[in-house]
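Asks: Sequence order for the protein chains is D and U.
Those letters in the first sequence? Residues 0 to 261, by numbering that gives the first Met the number 0.
Those letters in the second sequence? Residues 0 to 380, by numbering that gives the first Met the number 0.
Since the hints were derived computationally from the structure, they do not count as laboratory data.
The beta-carbon is built from N, C-alpha and C at its ideal position, and this holds for glycine as well.
There's no promise every hint is true.
[What the hints assert, rightly or not] Heads up, simulated SDA-like pairs for lysine to any residue below, C-alpha to C-alpha not over 20 Å straight-line: (1) D:Lys74 with D:Ser47; (2) D:Lys239 with U:Thr236; (3) D:Lys124 with U:Tyr249; (4) D:Lys158 with U:Ser324; (5) U:Lys215 with D:Val131; (6) U:Lys215 with U:Leu350; (7) D:Lys158 with U:His335; (8) U:Lys215 with D:Leu128; (9) D:Lys158 with U:Gly338; (10) D:Lys158 with U:Ser266; (11) D:Lys158 with U:Leu321; (12) U:Lys136 with D:Ser105.
[What the hints assert, rightly or not] Beyond 10 Å from chain U on every Cβ pair, some chain D residues (computed): (13) Asp25; (14) Arg33; (15) His36; (16) Leu57; (17) Ser83; (18) Asp86; (19) Ser105; (20) Leu164; (21) Ala206.
What follows is each chain in one-letter form.
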Amino acid sequence: MRRIIIAVLSILIIASCTKEDHKETDKTARLSLRFDHLNQGQSLLVDSLMYINAANNLYLVSEIQYFISDVSLYKNGETHLLDSWKDIHYVDTDLPYTWDWELKDSIPSGTYDSLSVVFGINETKNQSLMFVNPPESLMFWPEYLGGGYHYLKLNGKWKDEDDVLRPYNYHLGIGQLYDETGGDPIGFVQNYFTVTLVNESFEFPEAGILKLKVDMDVDQWFVNPEIFDFNQWGGDIMQKQDAMAMAVNNGSTVFNAHWVSD
Amino acid sequence: MTLFLALLGIALLLASCQSKDDVPVHQPTAYTIEIPFGFPTELNIPDDNPMTVEGVTLGRYLFYDGRLSGRTHADSLMSCYSCHRQERSFEAGIDHPDFPGGYPHGLSGKHTHHVMLPLINLVWNHSGYGWNGSVYKDNVNAEYRNIEDIVRMAVMAEDEMFGDTSRVVALFNQLPAYKQLFQDAFGNPEVSFRNIERAIAQFVRTLVSANSRFDKYIRGELQLTQQELNGYVLFTTEEGADCFHCHGGYGNPLFTTHLFYNNAKDSIFDDPKDRFAISADPMDHGAYKATTLRNIEVQAPFMHDGRFKTLEEVIIFYSVDLVQSNSVDPLMHHIHTGGVRLTEQEMSDLLAFIRCLRDDEFMTNEAFSRPQVLPDSDTSY
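Turn these sequences into a full structure, and let the hints guide you.
Replies: Next up, the structure:
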């Protein structure tokens with residue numbers, strides 16, 4: 000009996016070795032994303048009242064939490080969705096382990112035209128209770144407001160017109176449409192959007208990991224093309240589709256990405 | 000490398016064969032925590048204390064046994080139950096016969112630093128036990144990491160049992176029925192304090208509350224009243240009462256994030272045991288854990304210092320009495336108007352919703368209740 004087990008064990012070990020050898024002959028590489036957070040080009044300092052946006056609001060940033068999903072590569076008009084293992088990634092400025100996302104997909108080597116991600120989660124995937132464990136579960140978006148998850152929680156404070164430090168919760172998720180009676184929502188708006196992170200051709204090597212550094216410049220949420228004024232919108236936007244629409248418009252200039260060699 | 004692995008494999012096989020032949024097997028029955036609808040699947044159970052039916056049985060006896068104080072005289076008995084009562088969601092409760100107003104004190108007469116926390120759904124807390132989260136998994140100080148450690152703290156603390164662990168061990172080692180229970184649970188009749196900690200922690204981890212009217216509603220078993228539904232909308236909307244960011248909802252049915260916030264009660268912070276004491280982050284002055292709102296109706300007095308006696312007072316506080324300070328949490332974004340400004344009608348709707356988080360089945364569940372008789376006792380301990 001024991002001998003059989005040893006034999007089986009050895010076969011398994013040998014088999015796993017050959018598999019390893021086999022892998023090396025495949026000409027594929029992997030992609031990894033590294034998220035970093037800036038404000039007006041400099042490393043973001045949290046809880047520091049030192050930033051002034053285009054609307055001239057003096058503000059601080061306490062924390063940023065968001066979902067990036069559906070990383071896609073484009074080649075000759077074809078789309079390659081990278082969705083092995085997982086297709087939605089959570090980033091949290093307080094949790095360093097969320098700053099790196101190493102995708103599990105084996106990507107055939109060759110030239111690609113561009114790379115995009117979805118900011119937030121698309122309507123087919125954004126289902127309530129798909130994340131039951133924290134920290135992702137804490138992003139839930141109330142059923143009454145459309146359900147699923149917050150795409151973004153950007154929390155901080157700004158000095159209002161009376162020179163009082165006031166909290167803001169710049170939260171993005173499913174928007175609602177209300178009629179003039181102000182009753183229950185009569186419809187919902189999907190506010191997720193696609194961001195093209197790389198728009199010039201790049202080469203996937205025959206092996207190894209290609210690393211893309213993705214910088215979010217927080218101040219860009221409040222400008223380009225639309226100037227977002229805290230004094231006009233107040234501290235909360237989850238039930239203000241007009242404000243969330245501005246966030247969506249500004250969202251495409253928030254990210255800057257570049258390949259890194261290390 | 001391959002050779003090494005093969006050898007290791009063989010060694011392991013040999014070892015496992017041998018133990019089968021020689022050592023008497025101690026095979027306790029694994030205890031599985033059923034995950035209620037919508038609850039997290041990741042449990043906070045340390046690797047060195049797997050849950051077993053026998054461990055939980057022993058833990059329940061110990062939880063309710065006043066001899067845990069290490070003493071047997073009627074005046075100097077104290078158990079976890081002395082403060083943590085099932086009918087109050089394992090808090091003391093404002094109506095506690097020995098602790099007027101719900102402010103507990105230890106055997107020494109010294110009051111606990113804060114008021115009670117409930118013992119429900121703690122197996123899903125990964126971010127820290129206690130009002131300020133001083134007991135947490137990755138603590139560099141290995142003495143303060145999990146519920147096992149809280150057992151020891153409760154036995155020793157001057158404001159709790161004010162006991163001595165070696166006295167407790169010596170006492171329980173004289174009790175034959177207990178020794179059998181330790182044998183069943185841990186394969187060793189010799190009582191050790193480590194195994195006392197383990198057993199009680201296992202029992203505490205079984206205290207799952209997930210059968211409130213709200214749970215039945217989300218499982219499709221009943222419909223809430225219109226007033227409760229109105230309250231639910233208020234609870235989960237920013238323009239309403241805005242409670243969900245810290246206290247959960249459908250997508251976070253624990254009704255807590257287990258995180259720490261300054262919820263705008265004060266402007267002067269002089270509690271040496273707030274969250275700042277643990278995190279040293281200036282934004283954590285006056286911050287405490289957002290407690291679960293499950294069963295909150297029976298858990299008065301409210302807040303870490305028990306300043307509010309009724310839920311009505313709490314709701315009025317969130318509605319109009321918020322206090323500005325530098326470390327107030329950004330999620331308290333209604334602070335510039337003093338609060339969420341609910342009408343009388345909205346306040347009673349919100350209250351109706353919060354009340355449907357009460358789980359009476361939990362508070363009468365016999366698996367959690369005080370055993371009729373304790374091992375090795377002719378009197379009541």
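Asks: Which of the numbered hints above does this structure break?
Replies: 1, 12 and 20
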